[in-house]
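Number of protein chains: 2
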Amino acid sequence: MTHRLRGPVRIVGTGLLGTSIGLGLAARGVEVQLADASPTAMRLAADYGAGRLAEPGDAPELIVVAVPPDVTAQVVAQELAAFPDAVVTDVASVKAVPLAQLRELGADISRYLGSHPMAGRERSGALAGSGDLFVGRPWVIAGHDEISYERGSLVDDLILDLGAVPIESTPDEHDRSVAIISHLPQLVSSLMAARLADAPDEALRLAGGGVRDVTRIAASDPALWIQILGANAPAVVDQLRALQGDLATLVDALDRLDASGSRKAVADALRAGNDGVARLPGKHGTHTRFTRVQVRVDDRPGQLARLLVDIGDAGVNLEDVRMDHAEGAQFGVAEITVLPEAVRHLHDALEALGWQVVA
Amino acid sequence: MTHRLRGPVRIVGTGLLGTSIGLGLAARGVEVQLADASPTAMRLAADYGAGRLAEPGDAPELIVVAVPPDVTAQVVAQELAAFPDAVVTDVASVKAVPLAQLRELGADISRYLGSHPMAGRERSGALAGSGDLFVGRPWVIAGHDEISYERGSLVDDLILDLGAVPIESTPDEHDRSVAIISHLPQLVSSLMAARLADAPDEALRLAGGGVRDVTRIAASDPALWIQILGANAPAVVDQLRALQGDLATLVDALDRLDASGSRKAVADALRAGNDGVARLPGKHGTHTRFTRVQVRVDDRPGQLARLLVDIGDAGVNLEDVRMDHAEGAQFGVAEITVLPEAVRHLHDALEALGWQVVA
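From first to last, the protein sequence lines are chains A and P.
If you want our numbering, it's the position in the first sequence, counting the first as 1, plus 92.
If you want our numbering, it's the position in the second sequence, counting the first as 1, plus 92.
You may find that some hints are simply not true.
As the list claims (entries may be wrong) - Chain P residues, not near chain A, derived (Cβ > 12 Å throughout):
#1 Leu145
#2 Gln170
#3 Ile201
#4 Glu238
#5 Ser245
#6 Asp305
#7 Asp313
#8 Trp317
#9 Val389
To be verified - Here are the simulated EDC-like cross-link-like pairs (lysine to aspartate or glutamate), alpha carbons at most 16 Å apart as the crow flies:
#10 P:Lys356 x P:Asp338
#11 P:Lys356 x P:Asp344
#12 A:Lys356 x P:Asp313
#13 A:Lys356 x A:Asp338
#14 P:Lys356 x A:Asp313
#15 A:Lys356 x A:Asp344
Said to hold, decoys possible - To list a few chain P residues with every Cβ distance to chain A over 12 Å, as calculated:
#16 His95
#17 Arg98
#18 Ala146
#19 Ala211
#20 Arg243
#21 Ala271
#22 Ala291
#23 Asp293
#24 Pro373
#25 Asn409
#26 Glu433
By construction, these hints were calculated from the structure, which means they are not laboratory data.
Ideal Cβ placement from N, Cα and C applies to all residues, glycine included.
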């Protein structure tokens, strides 16, 4: 496989992200040098194929610091001092605090450019690592004025070599953005799911696709999230306060629904939700609205595959597919997302082949 | 197709639900009589195949009232009076208010048993109807003491004939349950999505699967939801107040994160979310936890089908599948949910066939 990076890359921290970066670069033929405060973790990542152990005399061109957010600045400063010819990036999920800490430490930030891959997993550690973890994911570059374009382009090369999509930003903009698009949804999902923790069994039996979607990411690791939230607390608190305001308005309106303006306030809240969800980028960044077609799929191996083969044979390109199983039913419903103009043809083609098109 | 209902069924209200019930029953050979305040809507449903127009002298065994919640009790009372030998049910998404209104009206509730199918669509009206809308979905029966078992069993027959899963409950229990499991998730999703309505474009570009899941149902119809929420406001307000309390605790903790106990409070909120989501019933009502495997799928027709065929050939049964596309990428990631014991075999089988197993 070809790659853009020419010199060796040193990776400091061989957890999930560091190991995954090492695996991805090594697979593309880049020389990777691994370092970790834990010799055991470092050897594990090397055995796994993420690179070789770092050695005295190593002269990396690029250093990737992949350690927990609360020690990121300290490790970046050490690396900048130890390798005066190298460019250093980090992959912490917050960007303003580490840069400010580096300035306080008097580090040479003309060689530092922070970044943040929008990729992760529920599991952590080297053994959860994968060279393809970043493939197709946005990877933010938190730019600042004190690094030259030429040096910064090494971070672009890293991102492109790993198959990710570089997104230019700044530390403050990044932190505000992830507060809205990542940290707030996590907390909203957790708060909703927490209401289910002591809900009656009767209520849980009625769960459908809606509540499942809203609470899926509530299964995330609290230990990881307390670090992320801790390093971006002011921006997250701003978002939560705005949410509190909206929630208070909604509760007041529902609580005195016959008062003048109350029904309009509830409708406005629901409409604002319509507007917000419509802004999420669709496939390939477009805002095209797709149409969903639901098809009954019996609960036998290969049935969903057979359906998708039939859809392919009909010449229809799937935008998305998901399966839903109801409690107690011995079959599920496949929700197929396609371009609106394909719906009628798809419907007819599937029914002709004996599929039950539910809706 | 066989069916349990023997006598004719009269359907009052030929919107999405009424038409879908008519289509489902007619397809199974049940005689369906359609009535609607709008002659146009009624004829449209009949033309669509949902049954024949109601006629003077009809003697239905079961009447299904499928009109908006705010007129449900009035129409049920009229039907009970007009057809003194028939059992009447309704499909409104709230159950306590209509029963109380029927008592106030002095209706003969020894022939009334309310119910609520947990099925719906974003679109409304007869043309969105489908005879399979209820297949595999929970359908709540809001039981009360004043109807005999024998009469009530007609409603069971209706539900089973439509392929749905009957869930026994009471009006109050139902309303409390849907406040938690349906109405609260809807509002939480709308509130979260509303925060995106005026978020900067930069933030939207970083959207991943998490925020998409949390906000999907925020696309629902405000006009429908204002009716649903209006008829269950006290139970919904109770849930929203509990959420407000949890949110206030979380904001306080994040706002003074270095104070004693603050980090624990944030972790507790995240852990309560873990506990809640773990209570949602899995496939077929079990609580088994599944494992997700992610596979890279190029953006060409038939690729996902080919993957699923390969999974079937490997003898692995899919629990769930979904596709995710990153902005700007010319391929997606298929997330395959399988039993944990199948993961290693699936991973090896797919890699042997040249698939990139991402994680």
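Against the structure, the hints come out as follows:
1. Leu145: Non-interface label on Leu145 (chain P) holds, nearest chain A Cβ at 25 Å vs cutoff 12 Å.
2. Gln170: For Gln170 (chain P), whose nearest Cβ neighbour in chain A is about 25 Å away, the distance exceeds 12 Å, so it holds.
3. Ile201: Given that every Cβ of chain A is farther than 12 Å from that of Ile201 (chain P), nearest at about 22 Å, it holds.
4. Glu238: holds, 21 Å
5. Ser245: holds, 19 Å
6. Asp305: Violated, since 5 Å does not exceed 12 Å.
7. Asp313: Contrary to the label, Asp313 (chain P) does not stay out of reach of chain A, its closest Cβ about 8 Å off (not over 12 Å).
8. Trp317: violated, 5 Å
9. Val389: violated, 10 Å
10. P:Lys356 x P:Asp338: holds, 14 Å
11. P:Lys356 x P:Asp344: holds, 12 Å
12. A:Lys356 x P:Asp313: holds, 14 Å
13. A:Lys356 x A:Asp338: Since the Cα atoms of Lys356 (chain A) and Asp338 (chain A) sit roughly 14 Å apart, the hinted pair holds (cutoff 16 Å).
14. P:Lys356 x A:Asp313: holds, 14 Å
15. A:Lys356 x A:Asp344: holds, 12 Å
16. His95: With a cut-off of 12 Å, His95 (chain P) remains clear of chain A, as the shortest Cβ separation is near 17 Å.
17. Arg98: holds, 25 Å
18. Ala146: Its Cβ never comes within 12 Å of chain A, the nearest being 26 Å, so this holds.
19. Ala211: violated, 8 Å
20. Arg243: holds, 23 Å
21. Ala271: Given that some Cβ of chain A is not farther than 12 Å from that of Ala271 (chain P), nearest at about 8 Å, it is violated.
22. Ala291: violated, 5 Å
23. Asp293: For Asp293 (chain P), whose nearest Cβ neighbour in chain A is about 8 Å away, the distance does not exceed 12 Å, so it is violated.
24. Pro373: For Pro373 (chain P), whose nearest Cβ neighbour in chain A is about 5 Å away, the distance does not exceed 12 Å, so it is violated.
25. Asn409: Violated: least Cβ distance 5 Å, not greater than 12 Å.
26. Glu433: The claim stands: Glu433 (chain P) keeps its Cβ more than 12 Å from every Cβ of chain A (closest is about 15 Å).
When each numbered hint is compared with the structure, violations occur for hints 6, 7, 8, 9, 19, 21, 22, 23, 24, 25.
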